[in-house]
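Below are the chains, spelled out letter by letter.
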Amino acid sequence: MKKIFAGLLIAGMLAGCSSTPTKEQEGAAVEDLKPLASTPAPAAAQAPKPDSATGRPLGTSTVAASPLKDPANILSKRSVYFDYDSNLVKDEYKPLITAHARYLTQNRAAQMRVEGNADDRGSREYNLALGQRRAEAVKQMLQLLGAQASQIESVSFGEEKPKATGQDEASWAENRRADIRYQSE
Amino acid sequence: MKAGHLIIFRNSIFLLALLLAPGIVHAALTIEIIGAGANQIPIAIVPFRAEDALATKITPVIAADLARSGLFKPVDAGGMVPVPHEPEQVVYSQWQARGAEAVVIGSVTLLPDGRYDIRFRLMDVVKQTQLAGFVYFATAAQLRLTAHKIADAIYEKMTGDAGVFATRITYVVKKGPRYELQVSDADGFGAQSVLSSNEPIISPSWAPDGTRLAYVSFERKKPVVYVQSLTTGNRQVVADFWGSNSAPAWSPDGKRLAVTLTKDGGSQIYLINADGSGSPTRLTHTSAIDTEANFSPDGQSLLFTSDRGGSPQIYRLAVGGGPAQRLTFEGTYNVSPRHSSDGKSFTFIQRNGNRFSVAVQDFASRQVQVLTDGGIDESPSFAPNSRMILYATVVRGRGILAAVSSDGRIKQRFSEDASDVREPSWGPLVYK
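Residue numbers (the working numbering), protein chains in the order written: chain A, 1 to 185; chain B, 1001 to 1432.
Okay, chain B solo, but in the shape it has when bound:
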């Protein structure tokens, strides 16, 4: 790409408008970062021209995103005269002197229609060239998302992996007797309650396109599986059979769900249509517990938890049929499997004594790496770039969300005051 070129994104920013939730939750999750990557990239982020006038300044959000990843080291960007906003204003020798490998510059311009023209450039200090440059047109409500998208572009250019700052997460908050299913940005901001109930809500699962959630609600005094649209708020019962209905998992095409039903006796895995039509197809045929299904990214196989061998372990089953293959052998309690988005590994919970830890197993080498010290860790799910794992844990008797990098080096803790947070799930890349 030639220096000075900008790629214009006209449509992508408007995708955010699809989240129309019943209520905004004002309490934000705050994030504490523990640990850092092996090689941190020193990067300077210069405040954008005219961003001081914005209700949400762009560059602090970008800086926080990059810092949270643990892969970047901030370099002081203050005191440059003039403050660079355009490529020709960047004096590379000055940035080299400060140890920066990259500099982010940009500007904000209010357009006649009330939107903002936000442009940024990522400059390579060593090669003295532009690495990336984008223009976004955003409303005031989209400023934060725009900042996340810029952080994604920087992250992708500098690390080679997709950025996940502009993704969303879902989780359940328990406030006294109330349960709320919430959706927030990946950094915990902008939390919105999409369902509130006096009965428990568990196992929220994102549709692959990020527009729907499947979950289990106990509002009918038993577990029933629902699918809810995040665009319209409409919800639909998709599995309410005799007995219990739980553990929904989307097929990659978004058309089907694997669910655990007990209509024929024990807890077994079935395939149903995501719109609730038709009758279930039974996938497992044991007298044991078979539950917690999770589709492989190619849709060809499922991981699930089964105690058919005497203790709960993780198995793999081809959706087309055939025998299940046991994958975990260390210890007597391995549960809650979730594929990485690249399909190369899966995360799960492993019990050691009385401690429950997040672990990762590589499909090819079968090597297991335990990533957390453990305690009461639950519900792990990969970020859509496979680099981080979001999970629930308990600190001083209170449920909080935490994340760990897939190499175990970087740890984050999300906390929201005075609430009990559990059942997190990281959403897909949908703003791309």
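One chain only, chain A, in its complex shape:
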């Protein structure tokens, strides 16, 4: 099982690289950062400059080049929020889910978990099931958009891993959430 997972992890990383324009420079040093400027990531393109001057071999970090981690890329957006007692995916999250579905379609070796969460009111086990339902809703939409079921494991943390711990509507809303996490992360 561990070996399979490691295999998937490497596959996921390679898949991540192949979809970026830096593929040819993979493993090379300082200069490799320049092509990054051509990606739609102005912040990322500016940040490396001080490093370039000192000659630190940033280019070996293939993960940094992944669009999944690029703050300017929608693929770095991972959270889908839900209304109270609802597993309806709101329209505002459709571009995010569409982008991840496209990524999974283009990278068939990539795998992700969708982690559902719930606010902490009521039964822990029922909340686990509510979180699961949210994760499942995101998974189904990804599948409708072309991802394969085997690429997506929907799981739930229920109320066990709250992002916000307050007993108020803002905190509860923050915890009614599904997060996307790639197997390579």
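To be clear, the hints were calculated from the coordinates, so they are not data collected in a lab. Accuracy of the hints is not assured; some may be wrong.
Claimed, not checked - Below, in silico cross-link-like pairs of lysine to aspartate or glutamate (EDC-like), each with a Cα-Cα straight-line distance of 20 angstroms or less: (1) B:LYS1221 x A:ASP120; (2) A:LYS163 x B:ASP1407; (3) A:LYS77 x A:GLU174; (4) A:LYS161 x B:ASP1209.
Given chain A, put chain B in place with the hints provided.
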């Protein structure tokens, strides 16, 4: 039973040796009692002969057990000359004058092998006869358990119900980022950590023989069901299917577990073997949430939570098949059902507005009684004599354990300093 007879228990006391946990937790739960039974039995407990020499004195533990039940009223046992330790030393008129209905007397004798001979007698002051008498042979480490067993014998004789002082409970303690699954005596003493993790642990459930716990751990970054032996400490994954695995509930024969799996889509209830062998048998077939299964004492049916009707309600399903029957109709949120051990009722959590309360419903009359004022009450479970319900609640932002009698009259609060305690479950009668 004739006066003066003693029943000798040679083997039962040694059962305790089976709890070999990785670490002793020194912080004890302390218990605060609120309310009392309708009729409290006045009882005098005379300090046992030679118990002063013991590291754990027997009679204070017995007295605390009986007081905690809310069904007994202590009668002053001091100042008798001579202090009675044998039946012939009991002057019934003196105890009658103090209002006692029963007197407990006894003695402790150190044996050549280092163990203690502990004997007690329960004397009926009104009838002037012996109601019960037992001898126990215990090591120094078993003194507390022996006291609980004596309290059980007294409780059973005086109330007609089985005593549950010598049982254990389990619960999860959160200390900062750490989660510990602990097992303690029913009075919160002797807490031992059986599992420690950086990831959440929920839903611990006792095997019917009290030697194993099933629970859900998130250590694999998703919910997975484990079974852990309390005798060896060995743990085994029993449900790690694609998706989430949760809500384990033991069949009364200890061979199977009902669990909630999501491998086929939504949260549905399946039956698996408790050793993890074989493949799961699906018991529910809906597109709704079906979870929190709990076996009836006869093993024939399951209670569970389902939102198939639009809101979470409690249903019953025959294990052999057939349609599920809805049992709760008051309110829009009824969850976490657990049978009483006599099978006559079940406890659950009912939401009223923003308050979550412990409630009990009688199977025959369908009458619902809400037992707690509510707040954030969760995870109710019956004591094995069906008289008390242990549950989790929150006081000033901190999780604590509490218990309420099944008639709602007696309430107890357990508290441990500076920890967050949740997910309690009352263990079975195993020391009998």
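Structure-based check of each hint:
no. : hint                 : result
1   : B:LYS1221 x A:ASP120 : 19 angstroms, holds
2   : A:LYS163 x B:ASP1407 : 39 angstroms, violated
3   : A:LYS77 x A:GLU174   : 15 angstroms, holds
4   : A:LYS161 x B:ASP1209 : 33 angstroms, violated
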